[in-house]
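Got chain C sorted already, so can you dock chain V onto it with the hints?
If you read the sequences in order, they're chains C and V.
Quick note, the first sequence lines up with residues 13 to 368 if you use this note's numbering.
Quick note, the second sequence lines up with residues 13 to 368 if you use this note's numbering.
Worth double-checking, as some hints may not be accurate.
Where chains are identical, the list cannot tell them apart; a pair therefore holds if satisfied intra-copy or between any two copies.
Said to hold, decoys possible - With a cut-off of at most 27 Å between alpha-carbon atoms, the simulated BS3-like pairs for lysine-lysine come out as follows: (1) K226 / K187; (2) K236 / K187; (3) K155 / K343; (4) K365 / K155; (5) K208 / K155; (6) K360 / K93.
To be clear, the hints were calculated from the coordinates, so they are not data collected in a lab.
Number of protein chains: 2
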Amino acid sequence: MAKVTPYEVEGEIDYNKVVKEFGASLIDEKLKSKLAGLRLVDKDIFFAHRDLDKIINKDFAIVSGRGPSAKLTLAHLQIFKFVKEMQDKFGCRVFIPFSDDEKFLLNPNLDFEESRRLAYENALDIVALGFDPKKTEIIMDFKNMDQELFNLSMRCAKTITNNTVRSAFGFTGDKNIGINFYSAMQIAHILYPTVKYNIPSVVVVGVDQDIFIKLARDVAYKLKLPKPGDLLSKFLPSLSGGVKMSASNPGSAIYTDDSMKDVEKKLKKAFSGGRETVEEHRKKGGDPSVDVCYQYLDLFLENDAAKLKEIHDDYKSGKLLSGELKKYTIKKVQEFLREHQKKREKAKKMLDKFLV
Amino acid sequence: MAKVTPYEVEGEIDYNKVVKEFGASLIDEKLKSKLAGLRLVDKDIFFAHRDLDKIINKDFAIVSGRGPSAKLTLAHLQIFKFVKEMQDKFGCRVFIPFSDDEKFLLNPNLDFEESRRLAYENALDIVALGFDPKKTEIIMDFKNMDQELFNLSMRCAKTITNNTVRSAFGFTGDKNIGINFYSAMQIAHILYPTVKYNIPSVVVVGVDQDIFIKLARDVAYKLKLPKPGDLLSKFLPSLSGGVKMSASNPGSAIYTDDSMKDVEKKLKKAFSGGRETVEEHRKKGGDPSVDVCYQYLDLFLENDAAKLKEIHDDYKSGKLLSGELKKYTIKKVQEFLREHQKKREKAKKMLDKFLV
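Next comes chain C alone, as it looks inside the complex:
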């Protein structure tokens, strides 16, 4: 039995069931056509939503936050790249809150300065993606807390009882008072563009965070604000083929600051859909649907659809070997990262333009 909460993800996930349990909706054909051209929707990574079908017809803001617990992984980065593509497609405002405070409160071993540092490092990666500085705002709670956001967090807090966060997240009395309060800050992050610009928010987020949007919708109702919607993603593959790419397990992910050598080493060890021996592979073929390298190409990196199909078919037929697929993927990841790391350097001078 799978368990999916903002603080825990366990087991094999039946996404349709999760969505049904949560009360969200699957993306239907009509909505899909409005999101046409967005790769992660086409690839069914973003698969569910709340109210996006209504909100998308007018002006809206995207909220996509980041808990800077560790270095950004390549997969996390692709989520923000998706947000950037949404901005390009819809011309919408994007608000990116960094919950350095939440991470600090949750982790007994994380000190204040380190929380700030992580937020800064993560922000550089995101700015490097080329968001429009006129329409994109970043708040790092510990660096540029905004009066409007603070006030909103208190207005939210007034509508949420300790019993509510206890039943939603299991927070018992031995948790610190900041952790309880943080739900209000998270919801304030979500409602910030609504209060500031009088437009509804759409939260682009992993399906495990959906409960925050549910809570935020209750709070919005109490504050007489338009309810936020969301666009929910499945978990992205980890290098071991497991369910959730984790930024806190170094071996399980490629980081945006990995060296070219790191990339090679990690992908060589990544979970493969190939067979035990070359002979067996040639005979029976590989399984691209579980092959981490193929997933990277499919979801993020191979922009040439014909080439992708060729790789898929050749791998499945046994013509393309695991080693060859890995070699190709390593080259693609390295190209992407080399370019990204250059842009990330330039982002150091641009970050200030994004702060509220």
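Relative to chain C, chain V alone:
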């Protein structure tokens, strides 16, 4: 049996016992001599402390906050006047936080804008007292939240469990998450000058708030900061002669924006230490120790010591009648308020100089 907590004061108070229970110290002769010339110490209104005897020998900051639940009373104002006299005597920094957020969180009927308005109105009264703008800082949490204060509140929050605030203040699970969190903000208010200027804080406050200082001292220890001290006052007399002057019961106090007529009306009704009839008064004399008008003169308004003694003795002997004492006090209060209200008007232009 008296009950004294930040949220409740009941019954007759044995101050020595309260101090002993709380673990604070009475002001001894040595400390009193260092505080010489401060009227409210001489009059034994400020009567107890924590660590002030140590802290007073070096540079320190005074923290004296204000929960803007209603208009400021004359008695509350005198507490801030005392703080101003401390600043004059010791040349120390003063930090005045307005917990508009706390009042908003605690009171279901108080809306956000009204909380802000009350803080602003109260701040004008305090600025009118003539604090040194170079050494005095005001934060209204909903108006000029400071990044340093916000960060500090989160650092404090991490060290305090929900169980702790439950046992300290009786906050059960049905309280909102902001109320629980607010303890951290209150303590951050207290430790703000310590973090900003690297000097210990002395909180000038009513004895009922002492538990916050106790908590703040625990938190300071955990954050490796110097522990704050405090200087504790007794409750000031209400017009009915009761224990605590309440800003939320209009009849029980004189407000800083009362008209001259209001003053007259209220003091005429104020609790008197006089006798039932003129004859009885002439014969047995009045009791200045319970007479509200005499208390006003004694604690706040009569700067001429000889005149005060004369009033005391004449009232006690029966030579001075209640009506005469009231008439004199009304005149004194009106003089004070008339002057104060002028300064308060001027404060509107000065307030910005005090905001961090």
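Do the hints match the structure? See the list:
no.: 1; hint: K226 / K187; result: both (22 Å within a copy, 20 Å between copies)
no.: 2; hint: K236 / K187; result: between (30 Å within a copy, 21 Å between copies)
no.: 3; hint: K155 / K343; result: neither (37 Å within a copy, 53 Å between copies)
no.: 4; hint: K365 / K155; result: both (14 Å within a copy, 24 Å between copies)
no.: 5; hint: K208 / K155; result: both (20 Å within a copy, 16 Å between copies)
no.: 6; hint: K360 / K93; result: within (18 Å within a copy, 49 Å between copies)
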